[in-house]
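Just so you know, the protein sequences line up as chains A and B, in that order.
Residues in the first sequence are numbered from 25 upward in steps of one, following this note's numbering.
Residues in the second sequence are numbered from 21 upward in steps of one, following this note's numbering.
Just so you know, the hints here were simulated from the structure itself, not pulled from any lab data.
These numbers come from a predicted model, not from an experiment.
Glycine is no exception: its CB is placed at the ideal position from the N, C-alpha and C atoms.
Errors might be hidden in some of the hints.
Ranges of calculated distance between the beta carbons of each label pair, as one might list FRET restraints [as the list claims (entries may be wrong)]:
no.: 1; chain 1: A; residue 1: Gln845; chain 2: B; residue 2: Gly41; range: 25 to 33 Å
no.: 2; chain 1: A; residue 1: Leu695; chain 2: B; residue 2: Asp56; range: 25 to 33 Å
no.: 3; chain 1: B; residue 1: Trp28; chain 2: A; residue 2: Ala733; range: 46 to 54 Å
no.: 4; chain 1: B; residue 1: Glu57; chain 2: A; residue 2: Ala678; range: 28 to 36 Å
no.: 5; chain 1: A; residue 1: Glu694; chain 2: B; residue 2: Cys29; range: 21 to 29 Å
Calculated from the model, a selection of chain A residues having no Cβ within reach of chain B, i.e. all distances over 12 Å [stated by the list, open to error]:
no.: 6; residue: His489
no.: 7; residue: Leu594
no.: 8; residue: Asp682
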Amino acid sequence: MSRIEGYGRIDRSRHVTVTVDGAAYTGHPGDSLASVLLAHDARPANTGVKLGRPRGIGASWTEDPTGLVQVEEPFPEPMLLATTVEATDGLVARGVNGQGRLSEVPDLARYDRLHTHCDVLVIGAGPAGLVAARTAARRGDDVVLVDDRPTAGGTLTGTETIDGRPSLDVVDEIVAELTTSPNVTHLQRTTAFGHYDDGFVLALERRTSHTDDGGLARRSRQRVHRIRAARIVVAAGAIERPIVLEDNDRPGIMLAASARDFLHRYGVLAGREVVVFTSDDAAYAAAVDLHDAGASVQVLDARATAPTLWSRRCADRGIAVTANTHVHGTRGEDRITAALVGPERREVACDLLLTSGGWNPTAHLFSHVGGRLAYDPSLGAFRPAAPRPGVEVIGAADGTFGLADILRQAGGVGAPPANEEPRDPTAVLWRTDGDPTRQFVDIQRDATVADIARAVGAGMTSVEHVKRYTTIGTAHDQGKTSGVIASGITAELLGRPVEDLGTTTFRPPYTPVAFAALAGRERGDLFDPVRTTPIHDRHVAAGAEFEDVGQWKRARHYPHPGENMTDAVLRECAAVRTSVGIMDASTLGKIDVRGPDAAVLLDRLYTNMMSSLKVGRVRYGVMCGNDGMVFDDGTVLRLADDRFLVTTTTGNAAAVLDWMEEWLQTEWPELRVRLTSVTEQWSIFAVAGPRSRDVVGAVFADLDVSNEAFGFMTWHDTALDGVPVRLARISFSGELAFEVSVSAWYAPAVWARLLEAGRDHGITPYGTETMHVLRAEKGYPIIGQDTDGTVSPHDLGMAWAVSKKKPDFVGRRSFGRPQNQDPLRKQLVSLLPTDAATKLPEGSQIVRFADDGRLPAPPVPMLGHVTSSYHSAALDRPFALALVKGGRERIGEVVGVPVAGELVPALIGETVLVDPEGARRDG
Amino acid sequence: MQLIACPWCGPREEIEFSYGGQAAVAYPADPASLSDEQWARFVFFRDNPKGPFAERWVHSAGCRRWFGAVRDTRTYEFLSVGPLSATTARTSVLPEATP
Numbered sequence: 025m026s027r028i029e030g031y032g033r034i035d036r037s038r039h040v041t042v043t044v045d046g047a048a049y050t051g052h053p054g055d056s057l058a059s060v061l062l063a064h065d066a067r068p069a070n071t072g073v074k075l076g077r078p079r080g081i082g083a084s085w086t087e088d089p090t091g092l093v094q095v096e097e098p099f100p101e102p103m104l105l106a107t108t109v110e111a112t113d114g115l116v117a118r119g120v121n122g123q124g125r126l127s128e129v130p131d132l133a134r135y136d137r138l139h140t141h142c143d144v145l146v147i148g149a150g151p152a153g154l155v156a157a158r159t160a161a162r163r164g165d166d167v168v169l170v171d172d173r174p175t176a177g178g179t180l181t182g183t184e185t186i187d188g189r190p191s192l193d194v195v196d197e198i199v200a201e202l203t204t205s206p207n208v209t210h211l212q213r214t215t216a217f218g219h220y221d222d223g224f225v226l227a228l229e230r231r232t233s234h235t236d237d238g239g240l241a242r243r244s245r246q247r248v249h250r251i252r253a254a255r256i257v258v259a260a261g262a263i264e265r266p267i268v269l270e271d272n273d274r275p276g277i278m279l280a281a282s283a284r285d286f287l288h289r290y291g292v293l294a295g296r297e298v299v300v301f302t303s304d305d306a307a308y309a310a311a312v313d314l315h316d317a318g319a320s321v322q323v324l325d326a327r328a329t330a331p332t333l334w335s336r337r338c339a340d341r342g343i344a345v346t347a348n349t350h351v352h353g354t355r356g357e358d359r360i361t362a363a364l365v366g367p368e369r370r371e372v373a374c375d376l377l378l379t380s381g382g383w384n385p386t387a388h389l390f391s392h393v394g395g396r397l398a399y400d401p402s403l404g405a406f407r408p409a410a411p412r413p414g415v416e417v418i419g420a421a422d423g424t425f426g427l428a429d430i431l432r433q434a435g436g437v438g439a440p441p442a443n444e445e446p447r448d449p450t451a452v453l454w455r456t457d458g459d460p461t462r463q464f465v466d467i468q469r470d471a472t473v474a475d476i477a478r479a480v481g482a483g484m485t486s487v488e489h490v491k492r493y494t495t496i497g498t499a500h501d502q503g504k505t506s507g508v509i510a511s512g513i514t515a516e517l518l519g520r521p522v523e524d525l526g527t528t529t530f531r532p533p534y535t536p537v538a539f540a541a542l543a544g545r546e547r548g549d550l551f552d553p554v555r556t557t558p559i560h561d562r563h564v565a566a567g568a569e570f571e572d573v574g575q576w577k578r579a580r581h582y583p584h585p586g587e588n589m590t591d592a593v594l595r596e597c598a599a600v601r602t603s604v605g606i607m608d609a610s611t612l613g614k615i616d617v618r619g620p621d622a623a624v625l626l627d628r629l630y631t632n633m634m635s636s637l638k639v640g641r642v643r644y645g646v647m648c649g650n651d652g653m654v655f656d657d658g659t660v661l662r663l664a665d666d667r668f669l670v671t672t673t674t675g676n677a678a679a680v681l682d683w684m685e686e687w688l689q690t691e692w693p694e695l696r697v698r699l700t701s702v703t704e705q706w707s708i709f710a711v712a713g714p715r716s717r718d719v720v721g722a723v724f725a726d727l728d729v730s731n732e733a734f735g736f737m738t739w740h741d742t743a744l745d746g747v748p749v750r751l752a753r754i755s756f757s758g759e760l761a762f763e764v765s766v767s768a769w770y771a772p773a774v775w776a777r778l779l780e781a782g783r784d785h786g787i788t789p790y791g792t793e794t795m796h797v798l799r800a801e802k803g804y805p806i807i808g809q810d811t812d813g814t815v816s817p818h819d820l821g822m823a824w825a826v827s828k829k830k831p832d833f834v835g836r837r838s839f840g841r842p843q844n845q846d847p848l849r850k851q852l853v854s855l856l857p858t859d860a861a862t863k864l865p866e867g868s869q870i871v872r873f874a875d876d877g878r879l880p881a882p883p884v885p886m887l888g889h890v891t892s893s894y895h896s897a898a899l900d901r902p903f904a905l906a907l908v909k910g911g912r913e914r915i916g917e918v919v920g921v922p923v924a925g926e927l928v929p930a931l932i933g934e935t936v937l938v939d940p941e942g943a944r945r946d947g
Numbered sequence: 021m022q023l024i025a026c027p028w029c030g031p032r033e034e035i036e037f038s039y040g041g042q043a044a045v046a047y048p049a050d051p052a053s054l055s056d057e058q059w060a061r062f063v064f065f066r067d068n069p070k071g072p073f074a075e076r077w078v079h080s081a082g083c084r085r086w087f088g089a090v091r092d093t094r095t096y097e098f099l100s101v102g103p104l105s106a107t108t109a110r111t112s113v114l115p116e117a118t119p
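Next comes chain B alone, as it looks inside the complex (with noise of 0.2 Å):
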C-alpha cells in the first residue's frame, strides 16, 4: 500500500486517490477549428512513457482537490506533487498529429 503526498493533506494511503491521466493535456480553446484527427488526438490518445509520467490526481476519499504529479512509471514512486497549474502548465496546444 503505496503512500501518496496529497499537497494539501500529506502522505495517505494509495486507496483514498483516484488516477486522472496524462496532465497537461489541456481542453481544446476551440474545438470547432480543429480537424477530426486532431479531435480524436485530444479525446483519445495519451502518452505512455516507461519513467517519469507527469499525471493528474486527485485525493478522494481526503481533501477531493486535484493535484499534479511526476510519476515513474516503472517503480510507481512519486517523484513530486504539486498543484496542477504549478507541476503541469497547461496549454492550448495540442500534440502535434504524426502523420
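Next comes chain A alone, as it looks inside the complex (with noise of 0.2 Å):
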C-alpha cells in the first residue's frame, strides 16, 4: 500500500472497492479509479495501441496521456481516463489495448441540457477563478463558475498560504461565500468544453460520476449547459510540460505536479524512490513534498544552476540536487526501475521517475473562439496574444504562475495577498539526446521524435501537416501533453525558430463528450417531430403501412393478410377504379391567402391566371422559380373576391408559405395580403371512384352532388350535423372524386360516416403508394418525385397551364431563353416494357440501342432517366413515367434501359395511359 497517513481529502471513515482486470481494489470516497490503483501499486493493463508496450498513469488528471480503460459498470463506458473516473463501490473497468469497445447494451440514462444566460462566466475554480468569480458577484454580476474536478482549489495542495491561512481553508471561505450568493451558480465537476461566437460556452456537468448507484433513478446523468455570457473569465490554469527521453513511456513516468496531486488530493505516494528530472522550478515542490510524506527523492535539473531557495529547502531534507544533468533514458519492464542520467547514461534506480519542462498555459478556451497564441520564449508555451473582446485569461492560462501575481491579477487590490516566490526562468528543453524511435511524443498514439523526423524528411513544414502525419494531438488528450513538444521538436528540426511555426489549432470539444450527452433528450421518439394525421390511430387499426414524406407519417398501403405492397396496391387500385377508394389527404399543405390583393399575388406567383378564377370554383396551380423551373403544384380554391385556398404538396408546405412571405415582404410590400398556414386546421379525405358520388350523396344528403349542380374543379360548402364540411370536385386519379374537408376536431368521425356509407360499395381505404399509380396512370407529375428542379411546365407537358395572357409572372421570362426552348430538353413521356413484365427500377437510365440491338459503345450517351415506375392493375402490367432528351419528338421510339445487366425495350409513349379522352372524370 501507498497510501500515507495524515495527506489527501477522501473520507478515510468509509471504503469502496472496485474492480480493475478483475482484481478488487478497496479505496474511498473521493478516490479517483487511478489513487486507488495506484495507492495499491498497481496499474490498468494498458498496452500501447501500435507497439503493444506497457502503459500506466501519467498524470492525475484529463492530461494523462496514458492510462485509459473501459467502464463495464454501473454504465459501459469506453476510453475513459482512470485520473477522471470517480472511484464508487461496485465499479467494474479494465485496462485498454489501444482502442475501446462500444458499449452493446442500449444506454438507458437521460441525458439533459440546460440554457443558462450570465454576466460572467468564469471557467476553472482555482484560485485565480475563484476570486475573479467572488470580485464579480460581490459587484452584483450573475456569475457562473464551472470547474471540471469534483472540488474546488485547481491546483492548490493545502501546502501553500493565501492571507495568512491555509490555502485550502481561504477556499472553503469562498466557495461558502458563493455558495450563498443568489447570483451565483457555482458547478463543480463540470467541464466547459467548447466557446462558441458571442459568450456562448457549452459545458458538460457529471451528475452521477461520484454516487454508488448512478443516481440514474433520480437524475439525469450528465447535462449540458448551454451557457451565454456577457463577459468569460478563462481561468483553466496549466498543464505541466514534461521532458521527452528515450523509453519516456514505461508506467511509472509521470509529470512532477501529477504526484504531488496524489498525494495532496488522495493521500497517495506514487513511488518510493523517485528521479525528479526538470527545468523549471515548480517540480521543486513535488521533490520537498514527495520526500516529506516519506520517499527517498533526488533531483536532476537540467539548467546550469538550480534555484537557490528550493536548493536550501532540498538541502534541509537532505534531497540531492544535481544541476547542469539530463535523464536520457529509462530502465524496466512493466515499471520503470532505473533512470539513465547523464550522458555516460549512469542507471539511478528508481520506482517512479517525475519530469516537468515547465507549464503549458490551457488557452483552448480563448483559442476556440479566434483568440490568437503566442510563442513565449521564457516559458516554453504558446499563451494569448491578444485580448478578444468579452474574455479575459487569468492566471496560469495567462502564463501567470506566481500565486501572488495570479490573486492580483485575478481580484486587482481587493485580492488576498500570498507569499511573494522567486522564480528562476524555465529552461526550454523539449527531449534529451537519446534513440528517437523510443523517444514518444504523444504516447497515447505511439507517436515517436523518430515521426516527427519522418514527416519533416517527407517535406512537410506546417505543425498541422505533421500532425495529421503523426497522428500526434489526435489522441482522446488531443495533444494536451505533446502539441507543444511537437511543435518545439518539428521546429528544431527545420531549424527554424518555433516562434514562426506556430502550434496546431485548438478546437472543441476539450475533453471527450459522449454523443449521447449532446443528443440530449432528442433521441428515439424525440430525435425528430412526428406528425401525425387526426386519424392516425384508424390508419394503424386498418393495419397500414406508413411511409415518411417530411415529418409525416402517412399510410402508404393497407395490405390483408397475406398481401404484400404489390397485391395490396392493385387491390387498392382496382377498388378506385372500379368502385371507391377513400384516402387521408389531410397532410397537404394549406394556406389561406386573404386580403384585396390576394389575387394579385397568385397571379404574380402561379403560372396560371388565378384573378379570372370565379368563387367557388378550383383550379389547378403550377408555381416556378425565377428560373422558370417548377418548384410546387397544388390547387387553388376561391372562397371569396378577397380570399383564396392554396393547397400545396405535402413535403413543400412550409417552403411554399416562406416563398410566398418572401415575395411578400421583399418585393411587394404594398400588396394588402395575409398568409395564415391551415395545414392542420382543416383534415381533407379524398373519396375517389365511379361510386364516390353514392357515397357522398348518402353523407351530406342536403347537398346536390349530381355532375349539374356540382361540376368537375368547383366546391360546395355544407353541414353535417351543424359542423361545417367543405366538398370539392378535385381528383388525382382521373376518377369521379369528391375532396370532403372538415376541421381536424370531426375528421374521424366523418371518415366513420364515409366508410359506413361506403360499405356496400366496398369502400376501400387506400394509401400514398396506391395515389402514386393512380396519377402516374395519368400522366400527372409528383414534384420531386418525377421533377427535380431543372423541369420547367412545358417539359411536363403543362404548357396549357401557363397562362398567355399574364404580362409576367414569376418565372416567365426564363421560358424565353434559349436553354428552355431547346427541343432537346429532357421531357415527361411513358415508358412501356415492350416485355409488358419488367417494373423498370426507379432512376434507371435510358439510352439508344446501337443498330444490333446492344449497348452502344461507350461512352454510352444517356436518354433520360425513370422517373416513377409501377404495376397497374388498369393496364396490367407494369409502366414508368420517364425525363428523356426531346421525349415527345420520341414517342412511338423503343429505347433501351438497363437492368441487372440486361437490356429491357421499353416503348416511349404519351404520358396518360388510362382514359386519355378524361370520359371517366364526372362518373
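With the hints as a guide, bring both chains together as one complex.
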C-alpha cells in the first residue's frame, strides 16, 4: 500500500471496492480510479496502440496520455481516463489495449440540456477563478463558475499560504460565500468544453459519476449547459509539460505536479524511490512534498544552476540536487526500475521518474473563438497574444504562475495576499539526447521523435501537416502534453524558430464528450417531431403500412393478411377504378391567402391566371422559381373575392409559405395580403371512384352532388350535424372524386361516416402508394419525384397551365431563354417495357440501342431516366414515367433501359395511359 | 453559435434565421424588356465580396419577418441590421452586364 496517513481529501472512514482487470481494490470516497490503483501499486492492464508496450498512469487528471480504461459497471463506457473516473462502490473497469469498445447494451440514462444566461462566466475554480468569481459576485453580477474537478481549488494543495492562512481554508471560505450568493451558480464536475461566438460556452456537468448507484433513477446522468455570457473569464490553469526522453513511455513515469496532486488530493505516494528531472522550479515542490511523505527523492535539474531557495529547502531535507544534468533514458519491464542519467547513462535506481519541462497555459477556450496565441520563449509555451472582446484570460492560463501574481491579476487591489516566491526562469528543453525511435512525443498514439523526423523528411513544414502525418495530438487528450513539444521538435528539425512555426489549432471539445450527452433527450421518438393526422389511429387499426413524408407519417397501403405491397396496391387501385376508395389527404399543405390584393399575389406567383377564377371554383396551379423551373403545384380554391385557399404538396408546405412570404415582404410590400398556414386545421379525405358520388351523396344528403349541380373543379360548403364541411370536385386519379374537408377535430367522425356510407360499395381505404400509381396512370407528375428542379412546366407537357395573357409572373421571362426552348430538353413521357413484364427500377438510365440491339460502345449516350415506375391494375402490366431528351418527338420509339445487366426494350408514349379522353372524370 | 439581432425580436441564436442572399437585387420592373443576358444576370449572378456585404435575412423560427443586414464575410460579424427598405434601397436598375 502506498496510502500515506495525514494526506489527502478522501473520506477514510468509508470504503469503496472497485474491480479492475478482474482484481478487487479497496479505496475511499473521494478517490479516483487511478488513485485507488496507485494506492495498491497497481495500474490498468494497458498497452500502447501500435507497439504493444505496457502503459501506466502518467498524470493525475485529463492531461494523462496513457491511463485509459474501459468501464463496464455501473455503466459501460469506452476510453475513459482512470484519473477522471471517480471511484464508487461496485465500479468495474479494465485496461484498454489502445482502443475501446462501444457498449453493446442500450444507454438507459437520461441526458439533459440547460440554458443559462449570465453576466460573467468564470471557467476554472482554482485560485484565479475563485477570486475572479467572488469579485464579480460582490459587484452584483450574475455569475456562473464552472470547474471540471470534483472540488474547487485547482492545483492548490493546502501547503500554500493565502492571507496568512492555509490555502484550502481560504478556498472553503470563498466557496461558502459563493454558495450563499443568490447571483452565483457554482458547478463542480462541469467541464467547459467548447467556446463559440458571442459569449457562448458549452459545459458538460457529470451529475451521477460520484454516486454508488449511478443516481440514474433520480436525475439525469449528464447535462450540457448552454451558457451565454456577456463576459468570459478563462482561468483554466496550466498543464505541466513533460521532457521527452528515450523509453519515456514506461509505467512509473509521471508529471511532477501530478505526483504531488496524487499525494495531497488522495494521500497516495506514487513511488518510494523518486527521481525528479526538471527544467523548471515547480517540480521542486513535488520533490519536497514526496520526500516529506516518506519517499527517497533526488532532483536532476537540466539548468546550469539550481534555484537558490529550492536548493536550500532540499538541502535542509537531505534531498540531493544535481544541476546541469539530463536523464537520457530509462530501464524497466512492467515498470521503470532506473533512470539513465548523464552522457555516460549512469543507472539511477527508481520506481518513479517525475519530469517537468515547464507549463503550457490552458488557453484552449480562448483559442476556440479565434483568440491568437503566441510563443513566449521565457515559458517555452504559447499564451494568449492579443485580447478578444468579452474574453479575459487570467492566472496560469495567461502564463502567470506565481500565486501572489495570480491572485492580484484575478482580484485587483481587493485580492488576498500570498507569499512572493522567487522563480528562476524555465529552461526550454523539449527532449534529451537518445534514440529518436524510442522517444515518445504522443504516448497514446505511439508517435515518436522519429515519426516527426519522417514527416519533416517527407517535406512537411507546417505543424498542422506534421500532426496529421504523425497523428500526434489526435488522441483522447488532443495533445494536452504533446502538442507544444511536437511544435518545438518540428521547429528544431526544420532549423526554424518555434515562434514562426506556431502551434496546431485548438478545437472543441476540450475533453471527450459522449454523443449521448450532446443528443440530450433528442433520441428515439424525440429525435425528430413525428406528425400524424387526426385519424392516424384508424390507419393503424386498419393495418396500414406507413411511409415518412417529411415529418408526416402517411398510410402507404393497407395490406390484407397475406398480401405484400404489390398485391395490396393492385387491389386498392382496382377498387378506385371500379367502385370507390378513400384516402387521408390531410397532410397536404394548406395556406389561407386573404386580402384585397390576394388575386394579384397569386397571379404573380402561379404560372396560371388565378384572378379570373370565380368564387366557388377550383384551379390547378403550378409555381416556378425565377429560373422557370417547377417548384410546387396544387389546387387553388377561390373562397371569396379577397380570399383563396391554396394547397401545396405535403413536403413543400412550409417552403411554399416561406416563398410567398418572401415575395410579399421583400418585393411587393405594397400588396395587402395576409398568409396563414391552415394545414393542421383542415383534414381532407379524397373519396374517389365511380361510386364516390353515391357515398358522398349519402353522407351529405342536403347537397345536390349531381354533375350538373356540382361540376368538376368546383366546391360547395355544407354541414353535417351542424359541423361545417367543404366538398370539392378534385381528382388526382382521373376518376370521379370528391375531396371532403372538415375541421381536424371532427375528422374521425367524418371518416367513420364515409366508411359507413361506402360499406355497401366496398369502399377501400387506399394509401399514398396507390395514389401514386393512379396519378401516374393519368400522367400527373409528383413534384420532387418526376421533377428535380431542372424541369419546366413545358417539359412536363403543361404548357396549358402557363398563362399567355399575364404580362409577367415568376419564372415567365426564363421560359424565353434559348436554354428553355431547346428541343432536346428532357420531357416527361411514359415508358412501356415491351415485354409487358419488367417493372423498370426508378432511377434507371435510358439509352438508345445500337443497330444490333445491343448497348452502343462507351461512352454510352444517356437519353434520360425513369422517374416513376409501377404495376398497373388498369393496364394489367408495368409502366413507367420518364424524363427523356426530346421525349415527345420520340413517342413511338423503342429505347433501352439497362436492368440487372440486361437491356430491356421500352416504348416511349404519351403520359396519359388510362382514360386519355377523360371520360371517367364526371362519373 | 452566433447571435443575430433581429430588428423586431432582438438578439437570437443563428439557427432561428435563414439567409436570403444579396440585398438590393430588386425584381426587374419589366423583365420582358431585358436581354437574355441581363435576365440571366438577375437570376443567377450575385456579388461575393470579401468584407461588408448587404444581405437579406429572415427570422424563420421567430417573427418570420425579413430584414436587411450588412455583414462582414470575413468575420461573420453583423455590422448593422434594419428593415429591408432602410438598409437596402430597392432599385429597379440592374447591375450593368460586364461584356
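Check your understanding: Okay, Glu57 of chain B versus Ala678 of chain A on CB: inside 28 to 36 Å?
Key -> The hinted range 28 to 36 Å holds for Glu57 of chain B and Ala678 of chain A, with Cβ atoms some 34 Å apart.
Review point. Falls inside 25 to 33 Å, the C-beta gap from Leu695 of chain A to Asp56 of chain B?
Key: holds (29 Å)
Practice item. Say whether it holds or is violated: His489 of chain A keeps its Cβ farther than 12 Å from all Cβ of chain B. Key: holds (25 Å)
Check your understanding: Between Trp28 of chain B and Ala733 of chain A, does the beta-carbon spacing fit 46 to 54 Å?
Key -> Given range 46 to 54 Å: holds, Cβ gap about 49 Å.
Review point. Would you say Leu594 of chain A is clear of chain B, with no C-beta pair closer than or equal to 12 Å?
Key: About 43 Å separates Leu594 of chain A from the closest Cβ of chain B, which puts it past 12 Å; holds.
Point to revise | Status of Asp682 of chain A, Cβ more than 12 Å from any chain B Cβ | key: At roughly 7 Å from the nearest Cβ of chain B, Asp682 of chain A sits no farther out than 12 Å, so the non-interface label is violated.
Exercise for review: Mind checking the hinted window 25 to 33 Å against the Cβ distance between Gln845 of chain A and Gly41 of chain B?
Suggested key: With Cβ atoms ~27 Å apart, the hint holds.
Exercise for review: Take the C-beta atom of Glu694 of chain A and the C-beta atom of Cys29 of chain B, compute their distance, and say whether it sits inside 21 to 29 Å.
Suggested key: holds (24 Å)
This entry does not satisfy hint 8, going by the numbered hints stated previously; all others are met.
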